[in-house]
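Peer 1: Residue strings, one per chain:
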Amino acid sequence: MSEALIITPLYDREAPGGLAIIMTEVVDLGMIDLRGLPKDKKFMDAAKAALGIALPTAPRTSAGMGDIVCLWMSPDQWLITCPRKAVGGLLAKLNASLEGIFSLAVDMSDARTIIRLEGDRVRETLMKGSSIDFTQSGYEAGTVRRMLFGEIAAMVHVVSEKPDVFHLMVFRSYAHHAWDWIEATAMKGSEVEFLSSAEAPPVV
Amino acid sequence: MSNKPYRVPTAGTGGTVGRVIDRSQMIDFQWNGRKYAGYEGDTLASALFANGIRVVGRSFKYHRPRGVLGFGSNEPNALVGVGSGNRQEPNLRATQVELHAGLTASAQNAWPSVEFDVGQVNSLASRLFPSGFYYKTFMWPQSFWKSVYEPIIRRAAGLGVAPEGPDPDTYEQFNCHCDVLVVGGGAAGLAAAEAASANGARVIIADENPQFGGISDIAGGTIGGEAQSKWIAATAASLAKSGNVHVMNRTTVVGHYHHNYVMMFERVAEHDPNLLSSGAPRHRLWKVRAKQVIIASGAIERPIPFANNDRPGVMLSTSVRAHLARYGVTPGYRGVVFTNNDDAYRTATDLLAAGVPVGRIIDVRAEPSGPLIEAAKSAGIEISAGSAICGLNAKSGGKHITSVKMAPYSTSGRVSGAEEEIACDFVAVSGGWNPVVHLHCHNGGKLDFDQKLQSFVPKPHADPVVTIGAANGTFGLGDLMTEAYAAGDKAGKAATGSKAAKAAAPKAASETEGNLEAIWFAPATGKYNEGNKHFIDYQNDVTAADLELAQREGYESVEHTKRYTTLGMATDQGKTSNIIGLGVLSGSTGKPIPEIGTTTFRPPYTPFSFGSIAGTQVGKLFHVVRRTALFDWHAEAGATWEPIGDWRRAYCYPKGEEDKHAAINREILTVRNKVGLLDASTLGKIEIKGPDAGALLDRVYTNKFSTLKPGRGRYGLMMNEMGFLFDDGVTVCLGENHYLMHTTSGGAERIVEWLEEWLQTEWTDMKVFVTAVTEQWSQYGVAGPKARALLEKLEGDVDFGADALSFMGMTEGTLAGTRVRVFRISFSGELSYEIAVPSHNGRAFWEKLLEAGEEFGVEPYGTEALHVLRAEKGFIAIGDETDGTVTPLDLGLNWAVSKKKADYLGKRALDLPHLAAENRKELVGLLTEDPNEVLPDGAYAVSEVSEKLPMDMIGQVTSTYWSPTLNRSIAMALVKQGRAKMGQKITFPVADGKVVRAEIVDPVFYDKEGERQNV
Amino acid sequence: MLVITCPVCGVEGEEADFHCGGEGHIARPATENPDGISDDAQRDYMFMRKNPKGVHFERWRCDRGCGKWFHACRDTVSMQIFGYYGITQRPPAALLKKADPLWQAHFEAAKKPSAKKAKS
Ligand SMILES: [Zn+2]
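Top line first, the protein sequences correspond to chains B, E and Y. Residues in the first sequence are numbered consecutively from 0, following numbering that gives the first Met the number 0. Residues in the second sequence are numbered consecutively from 0, following numbering that gives the first Met the number 0. Residues in the third sequence are numbered consecutively from 0, following numbering that gives the first Met the number 0.
All clues stand as given, with none of them false.
EDC-like cross-link-like pairs, simulated, lysine to aspartate or glutamate; straight-line CA separation at most 16 Å: (1) Lys898(E) / Asp34(Y); (2) Lys52(Y) / Asp99(Y); (3) Lys766(E) / Asp39(B); (4) Lys619(E) / Glu150(B); (5) Lys847(E) / Glu794(E); (6) Lys900(E) / Glu31(Y); (7) Lys619(E) / Glu182(B); (8) Lys290(E) / Glu11(Y); (9) Lys766(E) / Asp691(E); (10) Lys899(E) / Asp34(Y); (11) Lys506(E) / Glu225(E); (12) Lys49(Y) / Glu107(Y); (13) Lys847(E) / Glu791(E); (14) Lys984(E) / Glu932(E); (15) Lys766(E) / Asp75(B); (16) Lys920(E) / Asp1001(E); (17) Lys906(E) / Glu31(Y); (18) Lys906(E) / Asp38(Y); (19) Lys41(B) / Asp75(B); (20) Lys240(E) / Glu198(B); (21) Lys619(E) / Asp179(B); (22) Lys906(E) / Asp34(Y); (23) Lys240(E) / Glu192(B); (24) Lys286(E) / Glu14(Y); (25) Lys506(E) / Asp478(E); (26) Lys92(B) / Asp44(B); (27) Lys703(E) / Asp691(E); (28) Lys187(B) / Asp168(E); (29) Lys84(B) / Asp27(B); (30) Lys84(B) / Asp106(B); (31) Lys708(E) / Glu735(E); (32) Lys993(E) / Asp929(E); (33) Lys980(E) / Glu998(E); (34) Lys975(E) / Glu943(E); (35) Lys38(B) / Asp764(E); (36) Lys404(E) / Glu418(E); (37) Lys792(E) / Glu846(E); (38) Lys900(E) / Asp34(Y); (39) Lys975(E) / Glu917(E).
Treat the hints as calculated values from the structure; they're not laboratory data.
Based on the provided sequences and hints, a complete structural model is requested.
Peer 2: And the structure:
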């Protein structure tokens, strides 16, 4: 397949000046949606054999090794990310390994886009669109959380901390909406600085 | 009338006057079009006082001149419009508007000016405005409702002026969680926040004012042996610095909801144009989940109604004191204090200390005593105990007070005996305190009547929310600090599980105060008429007489009285008036106040901006627009759009001068004669796999799918358990136990959830996985006699031969360098394929299709052509032929409804009497008598056209189009027993008395044998 | 706005992140015996609900999270939530004790020999 044919949903978008975070579209990651039963040892072993890592079974966690990262989506569903070029090979390997085992693996590389958000203000920017408080404990590196973002279904993956790097994943049809939303809420000057040390307030 | 300035000089006051203003920073502002100056730190109200302006508005009903009564958010009178043009904001309280350079503000509800007001005629004619005035007056005749009464009411009812254009500022919302949320930043709130924070809790403390401290600056008392203010400043600073307490000023907690969901309105930048222009949102709406809520919202002073108590210059005692202490202003040059409690004595002594003479303290109590009374006496202020104000004299149309009349008052509520006139130009009045119980009550909190306070205090709440301090009726500073520390510590521990030692409350003390004496109403000695109004609700102009009249007319319930008189229904929601109103009702009914009950407290506590409610969702973020991979291509091709769900689909592609109809007709004929391309990417796509996949399909579709062979597809219908059709589409078999289901565009998310629901909740033994893949694939229809020729031009390994890929077949392969799934299905009746390609390749592949099709005259077609093409073939569309009450049998789709399968969704319901009945509506085709007449969509067929309504309706049009293929109109309709009426004519009364007649025919209008798709 | 905790993935979230699926424990007659369903039984299945004023058993879905269905025990007046349990499970005894008497009667009837499956 020719790479030149690929047009990602946000191909024409560039972050405007004046943002308090760094925002880019991730174009080189592919995604595979994998279903299977965690209590089915054959499935877990076969998946591990194909992926090289054990699928994480703890809710909202991820596991990664090298280029392959497995994100927990549901007790019987994972999203596997890997370099876009490697998706075809990995999917074939998974399907071969899972032959005859109750499971379903599909290429979802084009179904979603990933917006990479970096900087100290990422957490509170997301809190302007989601009911989740990312400043609480429980959102350390590796955490995965599906959520309602603005009006749309989305998922975040805390890729790393210090500085915070988050992947915001949305279905491709919503990519512009999500991008516009973050542009609107991440502008410098609108920082909340929630629960950070502040100057004394005026008193009567 | 000359406007005398009322700014008190600092000299000789020991720095206790004008604490929050900076006299070195002059600020220019505009009021009613004229330029004035104030100081940095002023509110609009204080700056107006400083400029000698006491009339700031006109009352709502009688248009009486009104001045400032309170301070902060409890102000009922001084509603002003701030800003201009698209930044005009109505109904702000002048006592909360912070002065900044360039501020423009104007009075409301006054025409042509606040000084001279035409509406004041209402006041002269006030006998015409009794309670229930609107109900009594605007009744008959009915013909007047719309043309006469409504315009009058609308003109009179408006408060303020709306902005002229789109708001140029930004607004946003913020969601967060905290362990403890403290409402109110006075002594109690800060103490509770400190105690909670000592347990390591994440704390938010919010106060609606620019400055923290509540009324600590004017309440007296000491904490840790020093003035309250010192402790307040130190504590607020250390909490802000701590990093686990978010300290928020200018933030009103406007609502408390289930499970401690709290809404807070933060005025981030409206007070500071520099902040606003640096990118800060004007307002921010906070949605907070708090594990524990502590309400320390204080109390609101209530006035004592007396004759003409609404004259500018009559102010709440604490308001006078706060304006003096904070901004160095007074409402006049010589005051009188009218009270039923000790606290107002502080106002008198503070005024005198600042050089403002106090003509008298008028106390309704017979024998007031205590340190505050002694202090006033020793300062030389004359006290008239056991007395009440029984009248008020004013000049300049009521705008300037000249004196009050006073008479002996007895606890029985009578004034009698010798009147005395006392010269003054303002009155500070205090009738006690009402705890601010609003937030406690928003979410079902109940109240108790406190006899000592003569007001309501909170009962324990079912949610983890507790009220402390003055809001809980705790007024002594020592008790208040002890209560606040205990509540903060308890909440902090409950939220965090901390076992930290309890922080010790600092020692606090305040002067002992005597009890107040209940008084709801100081009667006038004169005649009880329109010249002697006792205002209860200032903003809605409700008087004591109105409440008594309502009682006499039989309005016993307080909820009825409220609505009849409009008591407490203005924008201040009765903050200063509700309890007094209850007191007056108590007096006139003889029932104690607790038996009268309270009205309901509803959010918001104070009005807040629509901008903050909309937040980010304005402009292009107003609502989601979902884009297919071809969105930009469609736009470039000049498509007009059709919203389908949140998607934008191309409706048609007009060329040059073409109108929509011409474009649609051209697109249809292109498909019928050449080849057309459709962006069908929005169709739902679901992969279904597992040993029981076929069995699942058999249960959710009306027809059988488990027999489907790999590479083959079948059209299926889905019913809900009521037997009603709700989705359809082609499902293909990809391999053993592996299927791909297509749903309608609207059903894409719904159906995958539907399948999951049945698998998880009912057929839990089935081994099937379903995964939505809708957006992974862009799907394009290639339809028309030249479809095969076009596709065969593309390089790849797909065999499009009639036998290799027959009707309802599918295959996978590579085409034009892209992985594809090819389906030979048809929604137009033509030779037709749908090609699915990975979405990131969507646009490139589409362009290849166009390129390959150029020699055949290929053109894109939109959703309207799609619909006409399917209607010409009599194909149903979910949402057109179905409306949630239509079964597959109603639509004549019996061939797709299995009799053999034991169980599938909706099967049993089809046998229920109402669905098996003979007289159901059935799908038929319609040909109008006049072939050029296109029936309106949804038109009703009637059994007989008659003058008398209603007519007997026997059916309705479900799809109706101009068919360029047939060169005439066509329609489909659901008609009672329609299939038995083939060949009969039915009538449709349409707009403007016109009647359209149409013949009932078979709904397949074109290519009845279906030969065109089978080539 | 309620706060709901998904017993499957442990997420505590806003009501808007969840979807209420109405009353729980409604047996679908056709799953057991597709041929012998009276019109009355079908009507009851389709339309008749307990709708108590008080403690109720409901189905909820972790709509914006793991996508799984579960049961919640909620007071329809105070909005308090007393607990959660699996979508195929019967209410724990402690929750059943709290529930409206209509529910106790429901599970008394379900104990009778004809009821094969615990879930209904
Ligand atoms: Zn969940």
